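Novice: Sequences are here, hints too, so could you generate the full structure?
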Amino acid sequence: MPTVDNRGIRIHYEVHGSGHPVVLIHGGTVSFKHNYADFGWIESLSGIGLQVIGLDLRGHGKSGKPHEVESYGSSNLASDVIAVLDRLSLKRASLVAYSIGTAVALHLLQSAPERFDRAALIATGDGLVGYPPYTFANILPTLLEVLGRTEYPKDLPKHLSTYWNFVAATNGDWQALRALAQASYAPLAMTDAAAITIPTLVVSGQADLVLGQGPKLAQALGQGRYVEVPGADHFSLAVDTGVQTAVAHFMRHTAAER
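Going letter by letter, the sequence shown gives residues 5 to 262 in this note's numbering.
Just so you know, these hints were derived from the structure itself, not from any lab.
DEER-style ranges, computed between Cβ atoms:
id: 1; residue 1: A190; residue 2: E149; range: 18 to 26 Å
id: 2; residue 1: H253; residue 2: Q179; range: 39 to 47 Å
id: 3; residue 1: A173; residue 2: L213; range: 17 to 25 Å
List time: in silico DSSO-like cross-link candidates among lysine-lysine, alpha-carbon distance up to 30 Å:
id: 4; residue 1: K95; residue 2: K66
id: 5; residue 1: K66; residue 2: K162
id: 6; residue 1: K66; residue 2: K158
id: 7; residue 1: K37; residue 2: K158
id: 8; residue 1: K37; residue 2: K95
id: 9; residue 1: K66; residue 2: K37
id: 10; residue 1: K162; residue 2: K37
Computed from a prediction, not measured in an experiment: that's the story for all the values here.
Don't be surprised by glycine CBs; every beta carbon is placed ideally from N, CA and C.
Specialist: Have a look at this one:
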């Protein structure tokens, strides 16, 4: 499987189909396979003429798994995406991101806007622009507690204990993921969010107890649009065919322009 070396860390990626490239950034404790590929995202996006590029962020899937906290955080994870784009000689791409991957995507949209033309942020919320309570500074300590357990944490709420199951099911590296959970994913300043003029779709679940909902995030962005899925929680959005259809429809404008 193809990999790229990003400053000494091996980053696994895969390419499906042809057309305008869209990079899919997965959520924490899973991988491209377990967040997207297993649930039909490749087919949904390649079916409208997009080339699907999936990567495993450092600490996940088939990529390298450093154990140092300083190897993680928004900037370092974003550099994994840029490394893959550079390896493929892609000057511009679209983005689809999920959960903590949306913090990575926002960092990319703010720091390298010339590399991206459209983005969809899924299972995300207003904490990404600093609105409590669902900021990463508030929620990552609880994830760290889950990752510190040697057995399934049945005493914790399901939206937290689910992460333990993800790591166990994917044979994840517990130490690498604990380092990930201790790094910094600072919220985007409102002025920086407003300066992002790349069309961005924000999709939240009405029952998301992890990152909440994102109407203020969408409003803060220069060209943000918001969709809230009734009854959906943080995890069900990945398997929701209606969400895939909405994202494909949003991305279709970019595919049609190429």
